[in-house]
Amino acid sequence: MKMITFARRCAKEILRDPINLAFGLGFPLVLLLLLSAIQASIPVSMFEIDTLTPGLTVFGLSFMTLFSATLVAKDRETAFLQRLYTTPLTGRDFILGYMLPLLPIALCQTAVCYLAAIPLGLTVSIHVIDALIGIIPMAVFNIALGLLCGSLLGVKQVGGICGALLTNLSAWLSGVWFDLKLVGGFFAKAANILPFFHAVELEKALFSGNFALAGTHFWPVLLYSAWITVAAVLCFLRQMQKQ
Amino acid sequence: MQAIKASGLVKRYQKLTAVDDLHLEVMQGELFSLLGVNGAGKTTTIKMLTCLTRPSDGDATVGGFSITREPEQVKRLIGVSPQETAVAPNLSVRENLELICGIYGFSREKANARIRELSGQFDLETVLNRKAGKLSGGWQRRVSIAMALIGEPQILFLDEPTLGLDVIARHDLWDVIRLLKGRVTIILTTHYMEEAEALSDRIGIMKNGRLLDAGTAEEWKEKAQTADFETAFISIVREAAE
Chain A
1 MKMITFARRC AKEILRDPIN LAFGLGFPLV LLLLLSAIQA SIPVSMFEID
51 TLTPGLTVFG LSFMTLFSAT LVAKDRETAF LQRLYTTPLT GRDFILGYML
101 PLLPIALCQT AVCYLAAIPL GLTVSIHVID ALIGIIPMAV FNIALGLLCG
151 SLLGVKQVGG ICGALLTNLS AWLSGVWFDL KLVGGFFAKA ANILPFFHAV
201 ELEKALFSGN FALAGTHFWP VLLYSAWITV AAVLCFLRQM QKQ
Chain B
1 MQAIKASGLV KRYQKLTAVD DLHLEVMQGE LFSLLGVNGA GKTTTIKMLT
51 CLTRPSDGDA TVGGFSITRE PEQVKRLIGV SPQETAVAPN LSVRENLELI
101 CGIYGFSREK ANARIRELSG QFDLETVLNR KAGKLSGGWQ RRVSIAMALI
151 GEPQILFLDE PTLGLDVIAR HDLWDVIRLL KGRVTIILTT HYMEEAEALS
201 DRIGIMKNGR LLDAGTAEEW KEKAQTADFE TAFISIVREA AE
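If you read the protein sequences in the order shown, they are chains A and B.
Residue numbers for the first sequence, in our numbering: 1 to 243.
Residue numbers for the second sequence, in our numbering: 1 to 242.
Hints are supplied without guarantee of correctness; some may be wrong.
Unchecked claim - Here are the simulated DSS-like pairs of lysine-lysine, each with C-alpha atoms no more than 25 Å apart in a straight line:
1. A:156 / B:131
2. B:131 / A:2
3. A:242 / B:131
4. B:5 / A:189
5. B:5 / A:74
6. A:2 / A:74
Source of the hints: derived by calculation from the structure; they are not laboratory data.
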C-alpha cells in the first residue's frame with residue numbers, strides 16, 4: 001500500500017509535466033509522420049511503415065530513461081527524498097514506486113505509436129499484441145537505466161546524458177534509420193554488443209510473427225535488462241544509505 | 001519519561017568529526033532547541049536521530065527504539081521537516097498531505113479528518129487544490145511542516161523551520177508550535193535566538209560537534225551573566241574551548 005501510494009505520486013509527477021508528454025508521446029509521432037512522408041517521396045524502400053514503426057517504439061523508450069532519471073535526480077536534489085527517507089517507506093518501496101508507473105506509460109506510448117501508424121498503412125495483425133508484450137524487457141531496461149542515472153547524477157547531468165547521449169545512442173546504434181549491415185565494421189560490432197539493435201530486431205520480428213528470429217534477439221535484451229536493473233537497485237540503495 | 005536519549009553519538013566524515021561524543025536527554029512533551037553557529041553539528045545530529053545517517057559510534061533511543069538497530073520502528077514515531085522545503089511540486093497541497101497519510105497507512109476517512117485539522121491549523125484551506133510547486137516560499141514551508149505533522153508523530157524534528165519566512169508567517173508558525181507543546185516532543189534547530197528563547201523548554205548549544213551544555217534560556221543568561229539570550233549565546237560560544 002505504501003509503495004502504491006508512492007508510485008501514484010511518481011506517475012502524477014511525470015504525467016503532469018507537459019514537456020514529458022510532448023517528448024514522450026509527441027516526438028516519436030512526429031518522427032513517424034515525417035519519415036513516412038519522406039518514404040512517400042523517394043523511390044527506394046528506406047522507411048517502410050511495417051519496419052519503421054517497431055523501431056520507433058524502441059527509440060521512444062529512451063524517453064522513459066529521461067523521465068525516470070529526471071524524477072529521481074530532482075527528488076534527490078531537493079529535500080523531498082530526504083523527507084521520505086525518514087518515513088516508513090523501505091528501499092523496495094522506493095525502487096518499485098519509481099519503476100512501476102513508467103511501465104504502463106511505456107506500453108501506452110508503444111500502443112499510441114502502432115495506432116498512429118495504422119492510417120499510414122501499417123499492416124494490422126494479431127502480432128501487434130506480441131510486439132506490445134515483447135517491448136516490456138526493453139522498457140524495463142530503459143526505466144532501470146533511468147533509476148541508475150538518477151541515483152548517480154544531478155538533474156543537469158541527467159539532461160545531458162539521458163536526454164542527448166542516450167537518445168542518440170539509441171537512434172544511431174539501433175538500426176531504426178538505416179541497415180547497420182550496410183555500414184558494417186566497428187559501428188555494426190558496437191551495435192551488436194549493445195541492446196538497442198537487438199531490441200529493434202526483436203520488435204520487428206515479433207511484429208512480423210517471426211518468433212524464431214525473435215528468440216535470438218530476446219536473450220541479449222533480457223540479460224541487459226536484468227543486469228541494469230540489479231545495478232540500478234544497488235546504486236539507489238547505496239545513495240539512500242549515503243544520506 | 002525520556003523521548004530521546006543519546007549516548008556518545010559520534011559522526012565522522014573522513015577526517016572531519018561533525019558530531020563528537022553527544023550525550024543528550026529530551027523528555028516527553030518537551031520542546032528542546034539545538035543552537036550553534038554554522039557547522040556546529042545540529043543538522044548532523046538531527047540526521048542521526050531521524051535515521052537518515054548512521055552514527056560512526058554510539059547510539060540513541062528515540063521513543064524507546066534504537067536508531068541503529070530499530071530504525072523502522074523509529075520512523076513510525078517521528079515527523080521531520082527538513083531545512084529545505086520538501087514538497088512534491090506537481091502535486092496539489094491536498095495530494096502532498098494525502099501522500100504522507102498513505103505512507104503511514106491511514107484510512108481515507110482518517111486522512112480526510114487529518115487534512116481538515118491541519119488545513120485549519122496552518123490556514124491551508126485556500127491553497128489545498130493548488131500545485132505545491134506554484135506556491136510562495138512561505139506557503140511551501142507551511143505545507144512542508146504540515147506534512148511533517150500529518151502522520152501524528154510522537155516526536156517532531158523541525159530543522160530551521162522559520163528560515164526565509166517573513167515576520168508574520170514566523171509568528172504564525174510559532175503559534176502553531178506553541179499549540180503542539182506538551183503533546184508532541186519537539187526538537188528544533190534555529191539560528192534565531194528570540195525563537196529559541198520564546199519557544200523552548202530547554203536549549204542545547206553546540207560548538208564544533210560537541211554539546212556544550214543544555215538548560216533553560218534563563219539558566220544560560222545566568223551562566224553568562226547577561227541580560228539577553230543572544231548576548232549570552234555569543235559569549236558562551238566564544239568562550240568555549242576550541
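Comparing the hints with the structure gives:
1. With a CA separation close to 23 Å, the supplied pair residue 156 (chain A) and residue 131 (chain B) stays within the 25 Å bound.
2. Our distance criterion of 25 Å between C-alpha atoms is met by residue 131 (chain B) and residue 2 (chain A), whose separation comes to about 22 Å.
3. With a C-alpha separation of about 30 Å, the suggested pair residue 242 (chain A) and residue 131 (chain B) falls outside the 25 Å cut-off, and the hint is violated.
4. Between residue 5 (chain B) and residue 189 (chain A), the direct Cα distance comes to roughly 62 Å. Violation of the 25 Å bound is thereby established for this hinted pair.
5. Proximity of residue 5 (chain B) to residue 74 (chain A) is assessed by CA-CA distance (about 34 Å); at most 25 Å being required, the pair is judged violated.
6. Taking the CA atoms of residue 2 (chain A) and residue 74 (chain A), the gap is about 21 Å. The hint holds against a cut of 25 Å.
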